[in-house]
Every structure is written in C-alpha cells, then in structure tokens.
Amino acid sequence: MNHTNRRAKGFTLLELLVVLAIIALLAGIVGPQVMKHLGASKTKAAKVQIEDLAASLDMYKLDEGRYPTQQQGLNALIEKPSDAKRWNGPYLRKDKVPLDPWLQEYHYVYPGQHGKFDLFSYGADEKEGGEGEDQDVNSWD
Numbered sequence: 001m002n003h004t005n006r007r008a009k010g011f012t013l014l015e016l017l018v019v020l021a022i023i024a025l026l027a028g029i030v031g032p033q034v035m036k037h038l039g040a041s042k043t044k045a046a047k048v049q050i051e052d053l054a055a056s057l058d059m060y061k062l063d064e065g066r067y068p069t070q071q072q073g074l075n076a077l078i079e080k081p082s083d084a085k086r087w088n089g090p091y092l093r094k095d096k097v098p099l100d101p102w103l104q105e106y107h108y109v110y111p112g113q114h115g116k117f118d119l120f121s122y123g124a125d126e127k128e129g130g131e132g133e134d135q136d137v138n139s140w141d
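If you're matching positions, the sequence shown starts at 1 in full-length UniProt numbering and goes up one per residue.
Among the hints, a few may not be true.
Distance ranges between label pairs, derived from CB positions [unchecked claim]:
id : residue 1 : residue 2 : range
1  : S82       : L26       : 55 to 65 Å
2  : L13       : L99       : 42 to 52 Å
3  : M59       : L16       : 15 to 25 Å
4  : N88       : E51       : 43 to 53 Å
5  : W87       : K116      : 42 to 52 Å
6  : D95       : L13       : 15 to 25 Å
7  : E79       : L20       : 52 to 62 Å
8  : I78       : D125      : 38 to 48 Å
9  : W87       : K127      : 32 to 42 Å
For the record, the hints were derived by calculation from the structure and aren't laboratory data.
This structure is a prediction, so every number in the text was calculated from the model and none was measured.
Here a beta-carbon is modelled for each residue, glycine too, at the ideal position from N, C-alpha and C.
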C-alpha cells in the first residue's frame with residue numbers, strides 16, 4: 001500500500017495569533033492619526049456649511065431687501081416669514097436648516113458685530129474659544 005503523508009490544510013492557532021497581533025499593532029499606530037484627521041474634517045465641514053448658509057442669506061437679502069431678523073433666524077430661509085413680501089424660497093436644499101457637524105444649531109446674530117450678520121458654531125465643546133475640534137468656526141474669519 002502506498003501511504004502518502006498528507007498535511008492538513010488550514011491555519012494553525014499560532015499563525016492566527018500572529019496575524020491578530022499584527023492587526024492590533026497597526027490599529028494602535030493608525031487609529032490615533034485617523035481620529036486627528038476626523039476632528040479637522042469636521043471643522044472644515046462647518047466652514048463649508050457656514051459659507052453655504054451665508055450665500056443663502058445673501059439670496060434672501062436680494063429678494064427681501066434685508067436679512068432675516070434675529071427672531072426669524074435661519075428658519076426664514078426655509079419658511080416664509082409673515083412679513084415677507086418678495087420671499088422666493090426655500091433658499092436651502094433639503095428644505096431644512098443644517099446642524100453643525102457636532103449636531104448643534106448654528107448661531108445667527110443680526111445685525112452682526114463682525115459684519116452684516118454673524119453666523120458661527122462654537123465647535124465640539126459648545127463653548128466660546130478653544131483649539132482643535134473645540135475651536136469656534138465663524139463667518140467673519
């Protein structure tokens with residue numbers, strides 16, 4: 001009888017542990033770098049949203065001759081205010097005012113202290129000032 005020695009195909013427990021150790025090592029090195037960039041991308045997204053909201057406010061002013069009052073707020077961009085005569089909205093896509101990347105409402109002040117109007121987000125900490133992901137993002141910088 002011809003007896004062939006066949007080796008079982010598959011991975012040993014030791015090989016699997018080595019692969020898991022390598023994956024854990026890579027995750028430990030790469031993970032913090034990814035999280036750092038994630039915070040920066042939220043700040044950039046807030047800047048883009050503020051620019052879009054500012055452009056929508058300018059379109060509102062072209063139609064109405066003035067910016068929405070502070071009481072009307074940004075909702076005037078999606079719902080016609082009772083005193084609006086030439087409102088041609090909604091001025092925002094998706095017919096809703098977006099939240100900032102940290103799921104907070106944008107702050108709108110009219111008349112503004114830094115320009116025609118002030119539009120800003122306090123960042124992740126929802127407090128004035130801060131650095132990194134906690135920094136304020138506004139329409140006047």
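Next on the checklist: I'd like to know which numbered hints this structure contradicts. Please list them from smallest to largest.
Outcome noted: 3, 4, 5, 6 and 8
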